[in-house]
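Novice: Residues per chain, in single letters:
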Amino acid sequence: MLNLSLKQLSQQLREKAFSSEELTRFFLDRIRKYNDSLNAFITIDEDTSIAMAKQADLKIASGNQGTFTGIPIAQKDIFCADGWKTTCGSKMLENFVAPYNATVVQNFNDAGAINLGKTNMDEFAMGSSNETSYFGAVKNPWNLEYVPGGSSGGSASAVAARLAPAATGTDTGGSIRQPASLCGFTGLKPTYGLVSRYGMIAFASSLDQAGPMAPSAEDCAMMLNVMASHDIKDSTSLPHPKEDYLAPLDNSIKGLRIGMPKEFFGEGLDSEVQKIIEGAINEYKKMGAEIVEISLPNSELAIPVYYVIAPAEASSNLSRYDGVRYGYRTKEYDDLMDMYFKTRQEGFGDEVKRRILIGTYVLSAGYYDAYYLKAQKIRQLISNDFSQAFQKCDVIMGPSAPSAAFKSGEKKEDPLAMYLQDIYTISTNLAGLPAMSIPAGFTKGLPVGLQLIGNHFSEGHLLNIAHQFQLNSDWHRKTPKEID
Amino acid sequence: MDWDIVIGIETHVQLKTQTKIFSGASTSFGNEANSQACLVSLAYPGVLPVLNHEAVNCAIKFGLAVDAKINKKSIFARKNYFYPDLPKGYQISQFELPIVGEGKLSIPLNDGYKDIRILRAHLEEDAGKSSHGILQGKSGIDLNRAGTPLLEIVTEPDMSSAAEAVAYAKKLHDLVQWIGICDGNMQEGNFRCDVNVSVKKKGSTTLGTRREIKNLNSFKFIKQAIDFEVNWQIETIEDGGKIQQSTILFNPDNGETKAMRSKEEANDYRYFPDPDLLPLVVSEDHIHNIKQSLPELPGEMQKRFEIDLGLSEYDASELTNNKDVADYFMNLIKRGVSAKLSANWILVNLFSRLNDADISINESPIGFDQLADLIKKIEDQTISNNAAKKIFDALWDSPAGTVDSLIDELGLKQISNDSEIEGLIDKVLNDNGAMIEEYKSGKDKAFNALVGQVMKASRGKANPSQVNEMLKKKLSN
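The listed protein sequences correspond, in order, to chains E and B.
The first sequence begins at 1 in the working numbering and counts up one residue at a time.
The second sequence begins at 1 in the working numbering and counts up one residue at a time.
None of these hints come from the bench; they were simulated from the model.
Relax, there's no trap hidden among the hints.
Covered stretches of chain E, going by a simulated chain B footprint (3 or more residues, C-beta under 8 Å):
| # | region |
| --- | --- |
| 1 | 80 to 92 |
| 2 | 191 to 205 |
| 3 | 229 to 241 |
| 4 | 310 to 317 |
| 5 | 358 to 369 |
Ideal Cβ positions, reconstructed from N, Cα and C, are used throughout, including at glycine.
Taking the hints into account, I'd like the entire structure generated from these sequences.
Specialist: This is the structure in structure tokens:
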């Protein structure tokens with residue numbers, strides 16, 4: 001059960017090689033065994049998970065199962081799940097039990113999946129190392145002294161250590177791809193609007209997008225089949241026709257034009273990582289792809305633009321955590337203002353407060369035009385860069401992150417160094433494009449991910465390109481030695 | 001010194017939709033606190049707004065009714081501030097690009113009409129309600145109203161007296177009900193005005209500093225608040241003081257206005273486009289369809305009444321201030337009675353009784369069917385105008401009666417039968433030979449006296465014009 005793909009799990013459940021209950025217990029046992037050292041999960045609810053598994057077994061017994069029936073997956077703790085504690089990694093929501101299901105959770109429930117638990121994450125998804133979580137840092141299973149990346153660090157650690165066959169994540173500036181790169185598995189951030197944001201606790205609404213995190217591209221395709229849906233409860237959800245993302249996996253990629261943006265291979269990129277990425281792209285060449293040099297001239301503006309737009313939206317999105325209706329409220333206060341101040345002072349961590357301050361500042365009267373409006377204009381330029389690049393190539397490839405995983409605590413006190421972790425991932429969020437990270441090699445025993453960026457709604461093609469690579473490599477099948 | 005008064009008004013009109021502007025929760029009034037607060041109203045983590053297009057249609061209707069530009073693309077923005085009855089910590093409103101652009105509303109004044117320019121009208125959500133003093137030592141929050149759709153209608157500073165401001169507010173109040181986008185209930189806060197007031201030296205082209213009187217929910221309060229505020233501002237300036245831009249509240253108990261916060265203390269609302277909502281795009285076709293669905297507008301109807309029905313401008317205008325009055329009038333003339341008589345009966349007799357009783361025309365005990373019956377009896381000369389008034393009063397007091405039965409009961413049937421009248425005339429002439437002589441010698445007064453005698457003989461029931469005519473004929477023989 002440990003290393004079976006989602007497709008194999010589905011098949012063996014159907015063939016009754018094992019029951020969903022057995023499978024679920026198997027992973028719950030692993031979580032119990034390793035969570036103390038990895039801290040990948042915030043909430044486990046064995047009774048509920050087992051009850052869901054029993055339901056799935058009944059379905060399988062009656063022959064009514066779908067492809068996902070009985071498969072356990074972990075949910076990032078940013079998704080509201082009815083009856084589950086949903087903390088978003090924050091003290092503010094430490095005891096918040098969601099009264100409804102996010103559309104992503106509902107889709108998995110409808111497909112018969114089992115909720116294994118809620119995974120740890122950077123507080124309100126703000127962070128690249130999973131060290132900002134109120135519930136403690138998450139560890140990288142490849143080396144427990146290293147960070148798993150963030151913000152979907154709990155999901156990443158869980159998938160890499162096989163505490164779950166797969167997990168959900170969200171990606172606002174790289175929060176699926178960077179941890180996928182640092183933990184050595186496959187992660188996909190879909191086109192903005194493909195997966196519903198309803199019930200996914202908002203960080204930066206115009207950038208947030210949920211996606212699958214799993215060992216292989218094939219696993220991700222199977223998950224995306226469940227996750228992608230047009231949702232009238234999310235006005236930014238796009239009415240894209242339903243696709244079967246498994247269908248194009250085996251298509252030939254002969255003649256594929258791969259764009260290599262020169263801006264992604266310059267200063268700041270670890271030379272070992274660069275070698276691995278160039279090696280992987282070379283593999284594609286051997287498979288019949290051609291390489292095109294492209295330019296994304298406004299790339300260097302992506303981080304400054306992101307750190308205006310994302311905090312601006314966040315400062316407003318997080319205003320609802322005021323201690324009035326739910327969540328944390330300070331114990332003692334003199335009046336309303338005092339209650340607001342203390343509640344937010346005590347309820348939010350430093351990184352969240354830093355971004356609320358930045359966001360409030362850039363939206364203030366007198367600064368709005370110089371920051372927010374200008375950032376929106378540059379965002380359009382960044383988007384145009386990609387449109388032009390995609391006239392010359394079918395897919396853009398480069399590193400997912402500038403380096404392999406770094407040590408816990410190394411960048412914690414240096415926000416700017418931390419922000420640079422997302423230097424290659426952020427621009428796709430700004431442009432709303434789909435992008436993946438797939439395992440491409442190791443440096444000093446730590447995984448390195450190759451990033452694939454496609455045009456809008458090209459998830460099928462991206463998964464196809466990734467799958468073809470994975471047919472010719474086994475980086476995505478490696479498992480960390482520290483975890484048996 | 002003489003002063004000019006400058007007034008602009010922002011009106012919050014609650015739109016008559018079944019559900020809230022960004023969620024499926026009900027908008028009905030007066031229910032148990034928080035019974036209509038869904039997860040979106042409560043701003044739970046992860047919930048998202050979904051626009052109710054009924055509210056958009058209401059806004060378009062209004063835009064069309066004031067001849068305004070409808071913006072094909074408008075943007076919802078977040079207005080950020082903290083308050084316990086504002087669950088998200090921001091209000092979704094429209095800022096830079098509202099759905100309704102510039103338009104105008106013509107208001108009736110004593111000496112004619114005046115166009116008030118509408119600057120814009122935008123959609124937004126209402127906040128909830130905080131109540132203090134119900135719970136011991138705590139404040140209560142009721143979020144039933146949170147998310148109720150509002151249309152905020154903003155004028156240019158075109159009004160120059162309290163009377164004009166009230167005329168505008170009344171006209172707007174009538175119009176939004178006329179086109180069916182608001183129930184107009186001011187007590188429940190469904191139509192409330194923020195009034196911006198400033199004064200400047202007569203003829204000066206520079207505007208004075210304005211103060212904004214918040215949340216006036218009756219026409220009387222609008223008048224009282226402006227009167228007080230204008231006096232206060234003039235006195236302050238004449239005493240050498242300066243007006244500070246500020247937000248003020250009107251206290252109906254003492255009729256005074258009082259500053260709430262000055263501009264320096266004003267919130268920085270940090271407006272920015274709401275990333276949860278796409279730009280609102282409306283098509284030409286959709287606007288066209290809404291235009292088709294609009295009822296005939298008051299201005300058009302007034303013109304039609306003047307041209308087709310021959311009513312005076314005043315009557316036509318009075319009949320088209322209010323949709324219910326216009327409907328009553330149209331129903332009346334549909335029953336085949338004279339438009340002029342109908343207008344007269346509504347505007348004089350019916351209005352005076354409605355005013356005395358302080359009720360609306362919909363609550364009138366006399367329905368249009370009964371009034372039509374009554375007017376028909378005047379037209380076919382069954383009763384005189386005076387008799388009709390008596391029957392009208394009797395009907396008002398006991399609406400179950402019919403016009404026919406009351407004519408009989410009160411014995412008010414007019415005598416219009418020629419031979420009957422001739423009999424009466426003959427009798428009077430026989431008895432009043434002296435008067436005939438006087439008349440024939442040129443004394444016109446004698447004729448009136450003879451008419452009076454005939455009317456007296458008929459106990460007031462003879463048709464007076466018939467008596468006149470026949471008597472003249474007799475005497476000339």
